[in-house]
Amino acid sequence: MSQSSIGKIVIVDGNSLINRAFFAMSDLRNSKGIYTGGVHGLTSMVLNLIEAFGPTHFCVAFDMKGPTFRHLTYDAYKGTRKGMPDELAMQMPIVKEILDVLKIARMELQGYEADDLIGTVAKACINEGMEVNIITGDKDALQLVDIGAKVHITKKGITQLKMYTDKDVFEELGVHANQVIDFKGLSGDSSDNIPGIPSIGPKTASKLLESFGTVENLIENADKIENKRIRDLVMTFAEQAVLSKRLATIHTEVPIDFSFDSLLIKEPNHDEAIHLFKHYELNTLMGKLKPTNSPAQNELKWKIQTVDALMVTLSNCKSFGFKLFYDQTSVAVRTLSGASFLCGDEILLTRDVERLSLLKPIFENCEIKKTGHDIKRDYLVMMDLGIDMQGVEFDTFIAGYLLNPARRDYDLADLLYEYESIKITSEEDLLGKGVKRILFSQVELASLESFMASQIHGLGLLKNNF
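Position one of the sequence shown corresponds to residue 6 (this note's numbering), numbered consecutively onward.
Derived by calculation from the structure, the hints in this document are not laboratory data.
Please read these numbers as outputs of a predicted model, since none were measured by experiment.
All residues carry an ideal CB built from backbone N, CA and C; glycine is no exception.
Misleading hints may appear alongside valid ones.
Straight line, CA to CA, 35 Å or less: simulated DSBU-like cross-link-like pairs of lysine-lysine [as the list claims (entries may be wrong)]:
| id | residue 1 | residue 2 |
| --- | --- | --- |
| 1 | Lys208 | Lys161 |
| 2 | Lys13 | Lys428 |
| 3 | Lys70 | Lys144 |
Derived CB-CB ranges, DEER-like [to be verified]:
| id | residue 1 | residue 2 | range |
| --- | --- | --- | --- |
| 4 | Pro260 | Asp350 | 53 to 59 Å |
| 5 | Thr241 | Thr219 | 16 to 22 Å |
| 6 | Gln447 | Glu133 | 38 to 44 Å |
| 7 | Phe471 | Phe175 | 51 to 57 Å |
| 8 | Pro98 | Asn470 | 25 to 31 Å |
Model the full assembly from the supplied sequences, consistent with the hints where possible.
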C-alpha cells in the first residue's frame with residue numbers, strides 16, 4: 006500500500022445504511038416506478054457525512070452476493086435472515102453508479118463481509134496515524150473501538166449517530182470493546198444466527214466475562230464457575246462458544262488491494278452526478294452537491310438602462326426574461342425598486358421604475374414571449390402600472406412546483422441551488438426576515454444591482470434546464 010499523509014477517514018457500512026434507508030422510505034419511487042428510497046437515503050447520508058466530518062479520505066464498503074468464509078465455517082450462519090427484497094436489490098447498482106460519479110471509493114470482496122473490509126481499512130489507517138470514523142448500524146463494529154476507531158452507530162433510521170467509546174460499550178453491554186467478540190461467543194446473536202451457549206443471555210455473559218475475561222479462559226477454568234447449571238452449559242457447549250466467537254470476529258487482515266491515495270476525497274464528476282440525480286428524480290440531492298463552476302455574482306456583467314433604452318432593446322427581442330423587485334408594505338401597496346431583464350445572454354437592469362409603465366406596448370405584445378418567476382404576483386404589479394401582460398411563455402415558480410409539489414417554498418435561489426447546484430444570494434439573505442427585514446430601497450445600490458443581476462441570470466439558467 007502506498008503511504009499517505011496523516012488525515013481523517015470516514016468508512017461507511019454501505020449495506021447497513023442502505024437497508025435502514027430503504028425500510029425508512031420503502032415506498033419511495035420516482036415517476037418511472039423505480040424504487041429510490043435506499044439510494045436517496047445512503048447518498049444523502051454520504052454527502053452529509055462529508056460536510057459534517059470534513060474527512061480527507063472516504064470509502065463505502067459493501068457485502069457481495071454469495072457465501073462468505075463464515076458460511077463455510079458454519080453453514081447456518083445468517084440462516085434465519087430473509088433475502089434482500091427485490092425493491093432494494095434493484096437499487097444497489099444505482100447507488101454504486103452514483104458513488105462512482107461522486108468519486109467516492111467503494112469496496113467489496115467475494116467471500117468477505119463489509120465488516121471485514123471496514124476492519125481491514127480501519128486498522129491500516131490507524132497504523133498510519135489517521136483518525137478513523139466508522140459509520141454503521143451494526144453493533145458488531147463496536148469491537149473496532151478496541152483498535153482505536155471511532156465507531157458511530159446510526160439511530161432513528163440513519164439521520165442520527167451515536168459515537169461509542171470503550172466506556173459507552175461497557176455501559177451498554179457490560180463488557181469492554183475488546184470483549185465484544187467474547188460476549189457474542191457466549192450470548193450469541195440472533196440476527197446473524199450465531200448460536201452462542203443456549204440459556205446464557207447478555208447479563209450472564211457479561212458477569213462471566215467480568216470474572217474470566219475471555220471465552221477461552223472461561224472454558225479452561227469452567228470448574229471454577231460456582232453456578233452448577235452455568236458450569237454444565239459452558240462445559241457442554243464449549244466448542245460452540247469458540248465457534249460463535251470466531252464467527253463474530255471482524256477480520257482486519259483481509260487480502261484486499263487498495264492504496265490510501267485511492268481513498269482520498271476527490272472532486273465529483275459534477276455534470277454526471279446532476280445528470281444521474283435528474284434521471285432518477287433525486288431532486289433534493291442536487292442542492293447537497295457543492296457548486297463547482299458557479300458564476301460568482303460579482304463576475305456577472307450587466308448594463309444599467311433607462312426605460313427608453315429598454316423599449317428599443319426589448320422590442321427587438323422575440324422573447325425575454327424579467328424579474329420585478331418590490332416591497333409589499335400592505336395588501337394593496339407594492340413599491341417597486343427595480344427590474345431586471347434577460348434578452349439572449351444580455352442582462353439589463355433598470356431603477357427607472359417611475360416610468361416602467363412606458364413598457365406597456367412590450368408587455369402587452371403577445372408575440373414577444375415572457376419568462377418570469379411567480380408571475381401571478383407580477384401581474385398585480387403590472388396592473389398597478391396599467392399593464393395587461395400578455396405572451397407569458399414560462400414561469401420557473403410553476404415549473405418548480407410541478408417537479409416537486411412537496412416543497413415548502415419555491416424561492417428562485419433555492420430552486421437554482423437544488424437543480425443547478427449554483428449558489429446565489431436569496432431575497433431572505435439580502436433583506437433578512439421577520440421584524441428585521443429591510444426594504445429593497447434600503448439596500449446599498451451596488452449590492453442591489455448585483456442581486457438583481459444574479460436573479461435574472463438564475464432565471465435564465467432554470468428556464469433553459471427545466
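Worksheet item: In this structure, is the beta-carbon distance linking Pro98 and Asn470 contained in 25 to 31 Å?
Response: With a Cβ separation near 26 Å, Pro98 and Asn470 satisfy 25 to 31 Å, so the hint holds.
Worksheet item: Per the hint of 38 to 44 Å, is the separation of the Cβ atoms of Gln447 and Glu133 within bounds?
Response: violated (55 Å)
Worksheet item: Holds or violated: are the alpha carbons of Lys208 and Lys161 at most 35 Å from each other?
Response: With a Cα-Cα distance of about 25 Å, the restraint between Lys208 and Lys161 holds, given a limit of 35 Å.
Worksheet item: Could one say that the CB atoms of Pro260 and Asp350 fall in the range 53 to 59 Å?
Response: holds (56 Å)
Worksheet item: Is Lys70 close enough to Lys144, meaning Cα to Cα at most 35 Å?
Response: holds (22 Å)
Item to complete: Just tell me: holds or violated, for the beta carbon distance of Phe471 and Phe175 against 51 to 57 Å?
Response: Given range 51 to 57 Å: holds, Cβ gap about 55 Å.
Practice prompt. Sort out whether Lys428 lies within 35 Å of Lys13, counting only the CA atoms.
Written response: holds (28 Å)
Worksheet entry | Assessment of proposed distance window 16 to 22 Å (beta carbons of Thr241, Thr219) | At roughly 19 Å between Cβ atoms, Thr219 and Thr241 fall inside 16 to 22 Å, so the hint holds.
Hint 6 from the list above is the single one not met by this structure.
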